[in-house]
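*Asks:* Dock chain H against the given chain L, drawing on the hints supplied.
Chain residues, written in single-letter form:
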Amino acid sequence: MRRWLRVVLPGSEVLAIFLGVYALFEAFYWFERVVLGAVPGQELTRIRDLVVLAAAVHYGLARVTRFHPLYDNSYREWLEKTPWTAARPLPVGPVHLVPQDAIVVLGLTLMTLPRLASHPAMVPLGFLCGYLAAQALSLWPTGAKPFAYAVAFGLGLVVRFWSMPLVALGIAAALYVPAYLGLRHSLRRFPWDVPGFFRLSWWKSLQNPTGEHDLQGPRQQILGWPYDRLTPRPDPPSISGLDASLISLLAGWWIYAIAAFFIDAAGAAAQPQVFVWWLVPVSFGLLAIGAGIRSTLYCWAHKPPISVWGRIRTFRWIIPGYDRAVMAPAAALVLPQVALLIAALVLPHGLVSPAVLCALPVTIGLLILLSGQPPLRRWLLTGQHRIVPGYTKNKTLPALTGDYFDEVIEI
Amino acid sequence: MIDIVNVTQHYGVRPVLRDVNLRIERGELVALLGPNGMGKTTLLAVVAGVLAPQKGYVEINGWRRRRTESEELAIRRVVVYLPDHPWLPKNRTGREFLLGVGRLYDVDDERLMRHVDSLLDLFDLRTEADWPIRSYSNGQQHKVALCSALVTEAPVLLLDEPFSGGLDPAGILALERVLKHLTRQLELTVVMSTPVPELVEELADRVVILREGRIAAADTIENLRRQVECAGPLSEVLGRLVHPQSVEKLERYLEERRR
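Order-wise, the sequence lines are chains L and H.
Here the first sequence is numbered in numbering that gives the first Met the number 0, starting from 0 and rising by one per residue.
Here the second sequence is numbered in numbering that gives the first Met the number 0, starting from 0 and rising by one per residue.
Since the hints were derived computationally from the structure, they do not count as laboratory data.
Bear in mind that the values here come from a model prediction, so they are computed numbers and not experimental data.
Hints should not be assumed to be uniformly reliable.
To list a few chain L residues with every Cβ distance to chain H over 12 Å, as calculated [to be verified]:
1. Y70
2. G92
3. I102
4. A172
5. V281
6. G289
7. P304
8. G320
Straight-line Cα separation of at most 25 Å, SDA-like style, residue types lysine to any residue; simulated pairs [to be verified]:
9. L:K302 to H:E70
10. H:K54 to L:P373
11. H:K54 to L:S306
Glycine residues also receive a C-beta, built at the ideal position from the N, C-alpha and C atoms.
So here's chain L without its partners, still in its complex pose (with noise of 0.2 Å):
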């Protein structure tokens, strides 16, 4: 039974944590109620639930990341230079789910049971949610685009309905069958063109911290100024314009979710918004750090063509083919707050809920800063920009050249 089960089970210091802090709580409230005498409030209880709950979404995210190649770098590369097909088991481990994950979610949620104090859906719910949120994640980048955004709104419903465990846990198993599809789907399409991010160097220190790594040789190295500006392969992230919409969508989909989520707890008597609109300073808040991200990876190391002194005493004060890179985080930041304000004064009082105009400035500011004018690459290679190698002398950052040291070096 334990070798049965030890296929899925987490390591077992992550075991004994876990099991460790469980018992602590349990012990807490049978020495208050035996030995002194006391009946203990629910609190203690919920805390415990909420540790149970907390492992439940873990092993939920667990059981993807842990046997997924795409998260495993040595995995990936190794399952690439051997006959695997996907009509064969991954040999690390199923990711799908299997009986011996009804064991598990089955023993935490008996773990609840005693002296209840949450709905006994929320752990199967809770494990779901992290092994539906992990699979999503998983199937944009390996080739099941459609099944990812699939799983990814239905997510988005399960958020919707969470004040009702047991339709919320009927939805999030119903998502179960786009995410299977879709896995089976991308494990076809083995091996995947990876993005760049999970090659990254940093991922794979995160993943090995001890190093070793380095003795196989990253494959996203520098070559240092010029050649990381000047390279006549340029590789920087780009997003095509369907995702862009579907994933601005999604953003504003899910933000809709949360503020139904509080509307509808707050219950009907309650001013809806009260909970709701601390949502819009949040989503101004996220929209200005994605506005910083973007003019970063569109003006570091791109400076503009003269200096600011020059700009003003030549009258070029502006210079429209630098200019143009940081019109569209602009405009994403004040047009959402335009469409928000119209939306308000405008539309009638009642006819638009709040939670729509809370998903309202994401979206639109989202789908600009993902798909504004000029595509970055576009912007590297034609801007009227002045390189540089942006960084300092003492430091050396990853920049935007592809994977050619180890390539070498095999040979």
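*Replies:* Quick look at chain H alone, frame taken from chain L:
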């Protein structure tokens, strides 16, 4: 072929290049000469695509810099630029770095490995080839940077002060011979800047002298000598072209001292 057309460049208010026009033919080795701050590095950077000029443009083999993505990429594949202070990946060995650069320019693997070996040998870096670059002296770092430009086998080399940076006499000799071979035998185009005229006297097909951001002269060394009626060393020719008043002042001063 490199065409520099009406290029004007300024970082702030003062123009560093003013209406520069120059054509460099295939297989030519052109040396940019001039005192410090006259725009040699800026002109090279404009040709290299590091700077976008405020006016004018640069065309290489008929492709215009930064006009379209495909044109810019086509140029980047055939041009390699080595600034006077390149920043090398210090934790990589010299050999790894050179292999990486060669790979970046799609040099065939076997050919690349042979070329790297011979370059390391040529520049006396065979012993240090597999040491991290951080352990190299300044001169050795400069040598490995030069090797990186050569290993690309790009048909257009833009070298900013390649003979400075602590290069030893053997390295200078090796570089001179290699550049000569590349231009005369393989018809590579080389544009290099140097503040020291003597180094290019034997080497350059044509010398371009910059003065206050303008081209003061662009011709063969012999023609330049004829132009200023000076049979002396190239530094004197340069002096007469760049600072004619200074030369006159110097001659006047020396004449007075003789009396």
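*Asks:* Taking the hints in turn, state whether each one holds.
*Replies:* Cross-check of the supplied hints:
1. Y70: 26 Å, holds
2. G92: 35 Å, holds
3. I102: 48 Å, holds
4. A172: Non-interface label stands for A172 of chain L: nearest chain H Cβ at 47 Å, farther than 12 Å.
5. V281: 37 Å, holds
6. G289: 25 Å, holds
7. P304: At roughly 5 Å from the nearest Cβ of chain H, P304 of chain L sits no farther out than 12 Å, so the non-interface label is violated.
8. G320: Since the minimum Cβ distance to chain H is about 7 Å, G320 of chain L lies within 12 Å and the statement is violated.
9. L:K302 to H:E70: At roughly 22 Å apart (the allowed maximum being 25 Å), E70 of chain H and K302 of chain L satisfy the hint.
10. H:K54 to L:P373: 22 Å, holds
11. H:K54 to L:S306: The given pair, whose Cα atoms are some 16 Å apart, holds under the 25 Å limit.
Of the numbered hints given earlier, the model fails hints 7 and 8; all others are met.
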